[in-house]
Every structure is written in C-alpha cells, then in structure tokens.
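Here is what each chain is made of, one letter per residue.
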Amino acid sequence: MTERTIHALGEAYRRGDTTPTAVTEAYLARIEKFDGHVGAYLTVTREPALRAAAAADARHRARAPLGPLDGVPIALKDVLCTKGIRTTCGSKILESFVPPYDATVVARLAAAGAVVLGKTNMDEFAMGSSTEHSAFKPTRNPWDLARVPGGSSGGSAVAVAAHLAAGAFGTDTGGSIRQPAAFCGTVGLKPTYGRVSRYGLVAFASSLDQIGPFAKNVRDAALLLQAIAGHDPHDATSVAAPVPDYAAALDGRVHGLRAGIPREYFAEGVDPEIARAVRAAIETLRGLGVATEEVSLPTTGYALAAYYLIAPAEASSNLARYDGVKYGLRVPGGKDLIEMSSRTRAAGFGAEVKRRVMLGTYALSAGYSEAYYGRAQKVRTLVRRDFETAFARVDLLLAPTTPNVAFKHGEKEDPLAMYLNDALTIPVNLAGLPGLSVRCGFTAAGLPIGLQLIGKPFDEATLLRVADAYERATTWLAREPALP
Amino acid sequence: MSTLTKTGWDVVIGLEVHAQLLTRSKMFCGCPTAFGARPNSQTCPVCQGMPGVLPVVNRRAIEFGIKTALAFTCRINPACRFARKHYYYPDMPKNFQISQYEEPLAEDGALEIDVDGASRAIGIQRLHLEEDVGKLLHEGTLETAQASLVDYNRSGVPLMETVSRPDLRSPEEAAAYLRAFRAVLVYLGVCDGNMEEGSLRCDANVSLRPRGATELGTKVEIKNMNSFRNVKLALEFEVKRQRQALAAGERIVQETRLWDADRGYTRAMRSKEYAHDYRYFPEPDLVPLEIERAWVDAIRAALPELPRQRRERFVRQYGLPPYDAGVLTQSRALAEYYEAAVREFRQPKIVSNWIMSELLRELPGDDERAIERAPVPPANLAGLLRLIEDGTISGKIAKDVFQKMVGSGEDARTIVAREGLTQVADEGALAAVIDQVLAQNPKAVEDYKGGKTAAKGALVGQVMKATRGKANPAIVNRLLEEKLSKI
Numbered sequence: 007m008t009e010r011t012i013h014a015l016g017e018a019y020r021r022g023d024t025t026p027t028a029v030t031e032a033y034l035a036r037i038e039k040f041d042g043h044v045g046a047y048l049t050v051t052r053e054p055a056l057r058a059a060a061a062a063d064a065r066h067r068a069r070a071p072l073g074p075l076d077g078v079p080i081a082l083k084d085v086l087c088t089k090g091i092r093t094t095c096g097s098k099i100l101e102s103f104v105p106p107y108d109a110t111v112v113a114r115l116a117a118a119g120a121v122v123l124g125k126t127n128m129d130e131f132a133m134g135s136s137t138e139h140s141a142f143k144p145t146r147n148p149w150d151l152a153r154v155p156g157g158s159s160g161g162s163a164v165a166v167a168a169h170l171a172a173g174a175f176g177t178d179t180g181g182s183i184r185q186p187a188a189f190c191g192t193v194g195l196k197p198t199y200g201r202v203s204r205y206g207l208v209a210f211a212s213s214l215d216q217i218g219p220f221a222k223n224v225r226d227a228a229l230l231l232q233a234i235a236g237h238d239p240h241d242a243t244s245v246a247a248p249v250p251d252y253a254a255a256l257d258g259r260v261h262g263l264r265a266g267i268p269r270e271y272f273a274e275g276v277d278p279e280i281a282r283a284v285r286a287a288i289e290t291l292r293g294l295g296v297a298t299e300e301v302s303l304p305t306t307g308y309a310l311a312a313y314y315l316i317a318p319a320e321a322s323s324n325l326a327r328y329d330g331v332k333y334g335l336r337v338p339g340g341k342d343l344i345e346m347s348s349r350t351r352a353a354g355f356g357a358e359v360k361r362r363v364m365l366g367t368y369a370l371s372a373g374y375s376e377a378y379y380g381r382a383q384k385v386r387t388l389v390r391r392d393f394e395t396a397f398a399r400v401d402l403l404l405a406p407t408t409p410n411v412a413f414k415h416g417e418k419e420d421p422l423a424m425y426l427n428d429a430l431t432i433p434v435n436l437a438g439l440p441g442l443s444v445r446c447g448f449t450a451a452g453l454p455i456g457l458q459l460i461g462k463p464f465d466e467a468t469l470l471r472v473a474d475a476y477e478r479a480t481t482w483l484a485r486e487p488a489l490p
Numbered sequence: 006m007s008t009l010t011k012t013g014w015d016v017v018i019g020l021e022v023h024a025q026l027l028t029r030s031k032m033f034c035g036c037p038t039a040f041g042a043r044p045n046s047q048t049c050p051v052c053q054g055m056p057g058v059l060p061v062v063n064r065r066a067i068e069f070g071i072k073t074a075l076a077f078t079c080r081i082n083p084a085c086r087f088a089r090k091h092y093y094y095p096d097m098p099k100n101f102q103i104s105q106y107e108e109p110l111a112e113d114g115a116l117e118i119d120v121d122g123a124s125r126a127i128g129i130q131r132l133h134l135e136e137d138v139g140k141l142l143h144e145g146t147l148e149t150a151q152a153s154l155v156d157y158n159r160s161g162v163p164l165m166e167t168v169s170r171p172d173l174r175s176p177e178e179a180a181a182y183l184r185a186f187r188a189v190l191v192y193l194g195v196c197d198g199n200m201e202e203g204s205l206r207c208d209a210n211v212s213l214r215p216r217g218a219t220e221l222g223t224k225v226e227i228k229n230m231n232s233f234r235n236v237k238l239a240l241e242f243e244v245k246r247q248r249q250a251l252a253a254g255e256r257i258v259q260e261t262r263l264w265d266a267d268r269g270y271t272r273a274m275r276s277k278e279y280a281h282d283y284r285y286f287p288e289p290d291l292v293p294l295e296i297e298r299a300w301v302d303a304i305r306a307a308l309p310e311l312p313r314q315r316r317e318r319f320v321r322q323y324g325l326p327p328y329d330a331g332v333l334t335q336s337r338a339l340a341e342y343y344e345a346a347v348r349e350f351r352q353p354k355i356v357s358n359w360i361m362s363e364l365l366r367e368l369p370g371d372d373e374r375a376i377e378r379a380p381v382p383p384a385n386l387a388g389l390l391r392l393i394e395d396g397t398i399s400g401k402i403a404k405d406v407f408q409k410m411v412g413s414g415e416d417a418r419t420i421v422a423r424e425g426l427t428q429v430a431d432e433g434a435l436a437a438v439i440d441q442v443l444a445q446n447p448k449a450v451e452d453y454k455g456g457k458t459a460a461k462g463a464l465v466g467q468v469m470k471a472t473r474g475k476a477n478p479a480i481v482n483r484l485l486e487e488k489l490s491k492i
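For the record, the sequence lines run as chains X and G.
To convert, count from 1 in the first sequence and add 6; that's this note's numbering.
To convert, count from 1 in the second sequence and add 5; that's this note's numbering.
Hints were generated in silico from the structure; no laboratory data involved.
On a predicted model such as this, the values are computed, not experimentally measured, just so you know.
In this text, a Cβ means the ideal position worked out from N, Cα and C, and glycines have one as well.
All the pointers check out, no bait thrown in.
Residues of chain G placed beyond 10 angstroms of chain X at every Cβ, according to the derived structure:
{"no.": "1", "residue": "E202"}
{"no.": "2", "residue": "L368"}
{"no.": "3", "residue": "N482"}
Partial pick of chain G residues on the chain X-facing surface, computed with a CB cut under 10 angstroms:
{"no.": "4", "residue": "P50"}
{"no.": "5", "residue": "L59"}
{"no.": "6", "residue": "P60"}
{"no.": "7", "residue": "Y93"}
{"no.": "8", "residue": "Y94"}
{"no.": "9", "residue": "P98"}
{"no.": "10", "residue": "K99"}
{"no.": "11", "residue": "N100"}
{"no.": "12", "residue": "R284"}
{"no.": "13", "residue": "V292"}
Excised from the complex, chain X in its bound form (with noise of 0.2 angstroms):
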C-alpha cells in the first residue's frame, strides 16, 4: 500500500479501495518498523496524523474530497514552521521549539487535505550536503545504509525512497532537495525563486532557500508543486505570476523542444559513471524528439565560492535571533545578557553552523565587505547573465545533478570536499531558477543516479513536462531499495 504513488492512492480513494486512515496506518507502521534502521524522521505525529485522516475519509466517503492530496500522508522537513509541533531545524538550539503558527506550505497542505505523519531529519538549519550534521541523528541512504542519502533535505529524500511517506518536502538553498533526490532515487524538484513562498521556512539563505516536494515519479512532484505554489502576501519575495496546472502539463509533448547540455556540467571531477548516465538519459530524449546542442555556462566555476559568501553572509544574519532569550535553548549562569547569549549558542549550535556563522559575519565586516559580499554579489548576476543567455537559444538544460553518487557515512570529513558536492546545483540557486532532479540509471554498484533539469523562471511545467516524458520511456523506477 505504501508503495502507491500519490495519483494512484486518489484513484483508490475514489473508488472506495482504501481510506486514508488505512493507508496512514499502513506508513505509520512502515515507519514503526523501518525508521530505526535509515532515521528519516525527528518527529512522527501519529495523533494528529490519524486525526487528520480521519477527516479526509469523512470527506471521500461523502465524495467531496478537497483534491488529489487529500488523505495523502506526506512528510515534513523539520525546518517548516507547524503550530503546535516541535520543529528543531536538527539543531540543539531549537530541539524544544515549538512555533505557535503554520509555515504558509503547512497550511496550504493542510488545507489541501493532506495528512502530516512527521518532521524529518536534516543537517543542522540546513547547512550539509549528507545529513550527517543533524544535532540528533544521521540519516541513512535506504539503498546502502552505510552511505549518506544527501543533504540537507535528507530525512525527507529517504522518507520518500523507503516508502515511509508518499511525498515529502524539503528545501533547497544551494541543492539541499536535488542532491538529495539525486542520492536516494526519487524526483525532487526546487522551484523557482519566488514561486513557494517562504513564510514559516525557518531561513538559513533568505535570497537562495526555496521548498519544495520529493516525490515517488513526477507526476506527484507535480501534484505536490501545485498545492504549494503561488503568490502569499506574507512572503514579499513570491510572486504574483500566475501557476498553471502542472498536472496537466504532463502530456508527453516534448517533440520540438530545445535542450541544452551545459559542457561545463560534464568537466573533471564529475563521475563517469554519472556522466555515462546522463548523457544516455539524454539520447532517450533526444529519441523523445528533444533537439539538444552544447551550451557554455562559463560563470559555473566560480559559482561555489560565490555561494560560500553569500549564504553564509545571510545564514551569520538569520542566525541571529537565537540568543536564548525568547525561544529553544537558554545556558543560564551569563554574568549578562550578552554572556548569556554567547554561551547559548556555543552550545546550542553545531560546528558546521558555527563556521558558516563565522564565514559569514567575515564577509559582511566592516572593510571585507566589499571584497567578499559585494564581489559574491557580482559573480551572482554574471551566473545569472550566464543562464539568460543560455535560455535565449533553449528552453532547459539537462546534465548530472551531483558530481558523484552517495558517498559513505564519515567520507568527508574536509568541509571543502563536502561543499564541491554542490558544484552543480548551486549555480541554480544563486540565478533564482527552478531545478528538478529524476532518476536516470544505477552505478555499478547500485546506487541511483540523478538526472537535472534545469529551466527558465517559472516554467517548472517544461522540467515536469520532460521529465515525466522520459520517466515514461525507462524503466529505472521498477528499482526498489531493499530494507533489512
């Protein structure tokens, strides 16, 4: 039961199969019985899970369902606001908070019908590439449990793989929900800037975070994107722009469509195996009636440091607030309030927030600033510029989404290493774009491969559209992770 896709549980729904309380009772006991070994969630919300989906049978038993997510149990990342539920961003620091309102996404789900099971693991405020940088737990990739699933959205990836959740979301700041899906198998897609709104995502990188939905195959990842996106007035950055029906974008149409193959995505450093991958999904499509050419990101490189400015320019600036005066932890014993403060988040915050804290309020200090945050910024606008002249000739870009498969737990351990497995997602975050990451073979070894879509600003329908295409033209889904 928890193997059905969100479309395929509807149908049941509808025609009176199943109900919603079973079928949560079905990932409630998946959860019991797998969670132990991969760790994907912080919190699991059984009471208000059965409750909520006790509702939604009401409503398909008098055939009036909200929509398709109605009754649908999905998970969420720890880092999105839910009113009377703990959420810790994997951080000591909040590990007691809990907000007394609903993220914008929360009560769109919410309203949507869709029934909460639990908060997912994930590094700690985000920052992390392998989950391992939780203040709680790792997270353990369900296709090798010795390897990591990605990160930071790794609890919701993995939440998704090993059917412990129908759908999830997750955030995406330089890749956190691409690398991820990339690593564990599922489609995850990063909207575009702009296009979800932010209110209740607990901010690491307010001009780079973006959330959005891990699904089973794309035709959830759409039906997920359409209950989230759209303009909030509590949100000044989203946008007005109007959302299409993403579902009915799914129409196999993708003859005449032009992709480019950004040359710079395939340099050195990106794993044969993945490059081997990559280029045969791009033959599939190229079968599909896609017309490819060779584009020049040139910009791509300097792209990660930019980004290590950036966001940790932001994340020292968001970070802030947690001062141990209004909310989570509080060391007391200070002499003063400032005391307090300091000694509350050495001990509140782990060490990779710590450094980016560090990083970041280095790059906006008085007389670095402009050497750092300001050049950061300008390198931001030439990766831009790069994909705006990219786009004038082609209508997406396809290529890896990581440099390498999941790695194993403690592999790397050097903060640059773990930081070069972003290379090829960041440069999306830092132009605003939106990204979608579907499965496109196995390495030898058997671990998924991630194939990235990459498209003009609010046209999430085309990477829908052809990933859906090509999800349809392969058989790699019929792969299953084995749990013990």
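Dock chain G against the given chain X, drawing on the hints supplied.
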C-alpha cells in the same frame, strides 16, 4: 594654541531625529502600535522575531515618509531598499534591525529655522524608514539586575530617521531645529511629537573646530536626550566639555556619550554598549521598493499647510505681528485653536493676546493633546471676549473669569451670571460711589489739582475696589474727570 585662544571655536552640530510614525499597524506586520498596552500584548511571530517569519512593508509608513520628505523638500529616490543592521541586544528580537542604508527613501532637503529673528535653512541629508526595538525592563540597574524582562510591544513600530547636515552652530539652533522639525511632523499628522513618551527621539553629533575652519573636528555622538530642555542642556554641557578639553590641549575622542539628565552631564558609553560594525547588507526578504512618480505627486498635492506657511498667512490674513504668528503656529492644535476662536470673535490681535498671555500660561503651546483638550475651548474664549467687548465685564474681571473657566470648564456667561460679576455701567450708581471716594480721599484730590495727574489712577483704583472690580473703567474715568474738573 595662542591663535586659537584668540579666535575661539565654532560649534558644529548635526541632529539625527527618530520619529515614531502614527500608523495603526507596525512597520512589517499587522500588530497595533498603541502606546502603553500590557507588555507583549501587541506582538505576533513577526515582531517577536520567531524563526521563519518574514517582513511585509507597511505602505502607509512609506506614504508618511514620502509626505515628510516632501515637506522637507527632499528628493524622493525612485527606488529604495531596506537593509539589515546588526548588533546584539535583547530588546531587538532578530538581533538585527531592518533599516535603510545605502538606498534611503529620500535625500537632500532642508528645514528653515528662526533664531534671533533671522531665518536659516538647515540641510537635511537623508530620511529613511526602519523598525523600532522593544524595551528591556531591569530589576534595579543594568549593572546589578538579576533578571531582565523584555516587552516587544514597541518592536516593529515604524520609525523615521532624519539626519540633518552639520549645519547647526549652537545648542539654541539645535533646539530651534528640533522644534521646527517637530512642528512639521505634527502638522503632517505623521508623528505625535511626544518626546517624553519617546515618539520623538534625538541624537546629536557635536564637534568643535577653530573659528573659520572648514574641516570638521572630531565628533562625539550624544544620546538619551528625552526632552527639548534636555537637548539644549546636554548640548550646552557637551560644547563646554569639548571647549575645555581643547583649551587644555587634549584631543577629543570619537565616542558615544549618554546624557544623564539627573546629574546634568554626558558620560562615555562602555564600548560593549554599542556595536562597532553593523555589517549592513540589503534585506533579502524584501524586494527593492519602487516609488511611483504618480504616488509622490498625489501625496504632494494633498500636503497640508505647513507651520511656516501658516505663520506667514497669520501675518497676512490677521495682521498679526510675526512674533504672535510664530507662537500661535508652533503646534497645529494651537493654530487651529486660534483660528476657531477668531472665527467666533473677529478681533485677531485681541484673541492672540489672550491666548499668548492667558491660555499658554495654563498649557504648553507645543503639547497638541493638551491644547486639543483645553478646558477653555475656542468658543468659550470667544464668548469671554464678547463679554468684555459689550461692556458686561471689565478686562480685569475677565482674567479672573478665565481662571474660573479653566478650573470648571464652564462658559464665561454662566460664571459671570452666577457670581454677579456683571460690570456696573449705571452712571447714577457709579456717580454715588465716586462722590464717596472723592470725599474719603481729599489728599489725592488735592494732589490732582496740584498737577499730579497720576493721582487720578489711585482714585480710579479706589472706585474699582469699592465696586469689587465690576465698575466699567471707561465710565469711571469719564465721570471722575467731570467731577474733578468741577471741584
């Protein structure tokens, strides 16, 4: 040094004024802004700086900013942007303040002030918007407190910061600037101008330089001056302090000093009390604000009459001396009081005299609320003046009646009727009193006849005394002269 002692020092002062805007809701959320509510009762996740919240700009606050900038003849920038200003202090929930830095709402304006009868334009460098912080309540002093409480009601209230150029040359000029500034804000209805409640706050940059020099000296920032009086006192103290230091050959240290109103001096803040590096960067949660030309034009077209214009009109329309016009237009409420009274009693100068000598003795002319709620409303003042005009009461009695009106809130006629204060204008009755007074004061009569005309005044006084002030002075004077001439 010798030339300096000879030539002395020029004082250079610039003011940074923070004004709380009279919007109903806060700068970046929908919480109310009313003063004095129960602690933390006017807060929400946004102004408490909860994880995940985002700011949304209050359009009304921007409108108020534009309005003020136009009144100061500033250039409204077609695009402006908010920035984050960072420092750690628990009254600021996010530990950064959303303010404006490189791209303020408006720049390059001026405010005319009058000092010693001369008028001078003081440059305004910039005007920008930001959010206010909350308030910390300590048990005891900051140094000894075992616990502190935070009230976030004020957190997020819209603040408008206006920075003057260093054009002010004395504490008096600074005070004049602040008064003129405040009057403009109050006329515009964007701020209540109450310094004691903190809706208007002023910091000053003070430096001295050798007389005639063009280069600025080292500046010291003065904070915590919470009344007009304190601004003047603090600046006078600081100027004196710097002058003495320079005279002693010391160097002025660039620092922030707090005015201690109780002790009457400024003291240097501990460096821990203020940040050295605010690490400004553009607020990523807000998009740059584009200010449409049409909006600015509409706001400009709807600007009310400003203090200076009103003062000039009072001189023109009512024939008032400029001094009177200046006093009467210092606050919008007072000017409105005056005009309402003049509408009911059309002798502008008399109304002005009564307001300046009597009303303003009771109420501070720059306290809008006090004037609005004056116990003697304009119609009642006009009523009192009519009683003088028609001879019902004398001017002297009228002053007593005014005092009673202040005390009871009643109108003049009621008081006069109840207390039997109606002026005696009956010539027969007055003649009898005068005869009596003349009989009882032969010495004064003799003096008068001997050429001491001043003696007549004493006799008038006696008549007034005998009638308990109710005699009509004009009739008394005439009758007295007639009788004296016959003696």
